[in-house]
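Top to bottom, those sequences are chains Z and G. The first sequence lines up with residues 0 to 359 when you count with numbering that gives the first Met the number 0. The second sequence lines up with residues 0 to 248 when you count with numbering that gives the first Met the number 0.
It should be emphasised that the hints constitute simulated quantities derived from the structure, not laboratory data. Yeah, the Cβ is synthetic: ideal placement off N, Cα and C, and Gly gets one too. Warning: the hint list may mix true and false statements.
Unchecked claim - Covered stretches of chain G, as calculated for chain Z (at least 3 residues, CB under 8 Å):
| id | segment |
| --- | --- |
| 1 | 204-212 |
| 2 | 234-245 |
Said to hold, decoys possible - Computed, partial: chain Z to chain G, Cβ under 7 Å:
| id | residue |
| --- | --- |
| 3 | Q24 |
| 4 | G190 |
| 5 | R194 |
| 6 | K210 |
| 7 | M214 |
| 8 | G215 |
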Amino acid sequence: MTAARAAGYAALVAVAVAAPFVLPQYQSQLALLWVMVVLALSWDIVGGQMGYNSFGNIVFFGIGVYATAVVQRDLFFDIDEYAHAAGGVASQLAPLEYLGGLALGLVLGALLAVLAAAVLGAGILRLRGHYFAICTLGLGIAMGEIAGGTDYIGAGSGLVTPLFPELLGERNRFFYFYFMLLAFTCFGVLGAVYRCRFGLALNAIRDNEDKAEAMGLRTTRYKTIAWCLSAVFLALAGGAYGNFIGFVDPVDTAFAGPTLGVWMILMAIMGGRGTLWGPVLGAMIFHVSREFLWTYLLGWDRMILGLLTVLIVLFLPLGILGWLRGRTAGRAAAAGVKPSAAESRPSSSTSQPPLSESQP
Amino acid sequence: MSALLRVSEVSKSFGGVTANRALSLSVDAGAIAGLIGPNGSGKTTLFNCIVGRHPVDSGSVVFDGREIRHRTVPQIARLGLLRTFQQTRVYGAMDCVQNMQISAPQRDAENARQKLFRKVPAAVTEKAESLLEFAGLYEKRRLRAGELSFGQQKLLEFAMALMNEPKMLLLDEPTAGINPTLINGIMERLLRANAELGITLLVIEHNMRVIMNLAQHIYCLAHGSLLAAGTPQEVREDPRVLSAYLGAQ
Chain Z
0 MTAARAAGYA ALVAVAVAAP FVLPQYQSQL ALLWVMVVLA LSWDIVGGQM
50 GYNSFGNIVF FGIGVYATAV VQRDLFFDID EYAHAAGGVA SQLAPLEYLG
100 GLALGLVLGA LLAVLAAAVL GAGILRLRGH YFAICTLGLG IAMGEIAGGT
150 DYIGAGSGLV TPLFPELLGE RNRFFYFYFM LLAFTCFGVL GAVYRCRFGL
200 ALNAIRDNED KAEAMGLRTT RYKTIAWCLS AVFLALAGGA YGNFIGFVDP
250 VDTAFAGPTL GVWMILMAIM GGRGTLWGPV LGAMIFHVSR EFLWTYLLGW
300 DRMILGLLTV LIVLFLPLGI LGWLRGRTAG RAAAAGVKPS AAESRPSSST
350 SQPPLSESQP
Chain G
0 MSALLRVSEV SKSFGGVTAN RALSLSVDAG AIAGLIGPNG SGKTTLFNCI
50 VGRHPVDSGS VVFDGREIRH RTVPQIARLG LLRTFQQTRV YGAMDCVQNM
100 QISAPQRDAE NARQKLFRKV PAAVTEKAES LLEFAGLYEK RRLRAGELSF
150 GQQKLLEFAM ALMNEPKMLL LDEPTAGINP TLINGIMERL LRANAELGIT
200 LLVIEHNMRV IMNLAQHIYC LAHGSLLAAG TPQEVREDPR VLSAYLGAQ
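Could you put together the complete structure from these sequences and hints?
Spelled out as structure tokens, the structure:
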């Protein structure tokens, strides 16, 4: 079982590593696919496992985008010269300079995002249900507007990220592997975390927060940690995403609520919220179908995607993975296989045999 | 024996409605006390006041020698004072074992921090399963809690409370909506939890047969005030209690 599973993972890794070499023309699309996987996975921490519908997670993504771009700018460019050229500075950086700036920016972005999640979370995570959703929605929009009005980060005309040094090879391939590793890390970390007590605590908050409080769980702390965890991965994705796109627009790249911000929710719900594989599956299906649709059916693409989303929410409310699981469980029940009926419990010294109970 | 829980002169009103009027009661460590009264007499409100869900207007609540009036629900729960709900509250999408695992006590903050990112220890799972067996739910342990019947959910909620190793349990109508066969099972388990695990109980109950057999001391509320208190025998024969229940004025 575990050997088969390990082989399965190895095969997936092999496919992922080989993909940009086999399909070099789709390299940038495949890189975006991993971005989508990270977005969906990190949304699902709070939205799926914890049951808090956040429409504002894009905030942390945007913080990562801006932090990285600003660090890269201020580290290597004279601000006067940069301002004079109105963002037109595009001088070549040495590979180590570029990588150093990128790494520093990513780390700083992640720290800033965690800080923002902790501060915002202390206030917003007290809200529940629709109130939380609406508040986070406002947060995402507000951040886009604020960024678009702040001169230091380029205001509405945005920021240009440094050119990718030619010595580092192909830019798209570099970012493909960065996003792939980030997606793997995110998947691995979340898989490990969900198996811990923390995962159970998140599910408990999702299922009945009042009960969790009445049982003495430190719900506020767990909710904040979950949002911070989500923020880390979003900022790490965002920082590189700005460089990958090459230009930081406040509303289209960084705080892209109507696109990336909504897509991350759709992908997680489509695949199956509250599961580890669901967001991954959802991201793959969503991204691939979106690319096909707007390549071949431009103009109809958003309508069809919207229709697809409505159909999935109506007929597969638990997502594709939730539906598959329900089917296998249903088949097991139909075949008369009860998961626990066959096992018998060794008698324990403290308790007497359970009374035979009829259902009330 | 000393009082584990002492409620003194607690009042709580919602707008113009006084739900609790200067209520006082005390429960000794290791005892089983009952709380009865007609619908709307303020029993559940008193529970909510004790566990910190409602801010108390005036009065004091002392548990285990500490004033807990201004503490929050999770803080009070971590002191070892737990309550169950009249309408069952379980983690519906999690299976029974997971419901139990997450109910394991986390009193000490440092300890809780360390355990947060560790897997649930085998000892905890073992204890969870043996308590599920105690509650008669062992066969159902891999079912989602939401798929259990109402009575089974009550049993699960009780088992979750025991998992938390409380000093005292406040039970809000543990046998309401349960069939008579299962009621006996629940009563027996309450008595065993009290005798074997030493958990002090305060039970709200409408079923007179249950409460008279369970409690050593009973408090009767009516219209937010304490109407009568005493042994089951005394309360049963108190004419004021009879008139409050039957409406004979």
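Hint check: is the beta carbon of Z:K210 less than 7 Å from a beta carbon of chain G? 4 Å, holds
Okay, the segment 234-245 of chain G and chain Z, do three or more residues pass the C-beta test at under 8 Å? violated (count 0)
Quick check on Z:M214 please, does its C-beta sit within 7 Å of some C-beta on chain G? 6 Å, holds
Does Z:R194 pass the interface hint, meaning its C-beta sits closer than 7 Å to a C-beta of chain G? 6 Å, holds
Are Z:G190 and chain G close enough, Cβ to Cβ, to be under 7 Å, as the hint says? 12 Å, violated
Report holds or violated for the interface hint on Z:G215, using the least CB-CB distance to chain G and a cut-off of 7 Å. With Cβ-Cβ at 3 Å, under 7 Å, it holds.
Hint status (Cβ of Z:Q24 to nearest Cβ of chain G, threshold 7 Å): 42 Å, violated
Holds or violated: the segment 204-212 of chain G covered by chain Z, criterion of 3 or more residues with Cβ-Cβ distance under 8 Å? The restraint on the segment 204-212 of chain G is violated, since only 0 of its residues have a Cβ under 8 Å from chain Z and three are required.
Hints 1, 2, 3 and 4 from the earlier list are contradicted by this structure; the remaining hints agree with it.
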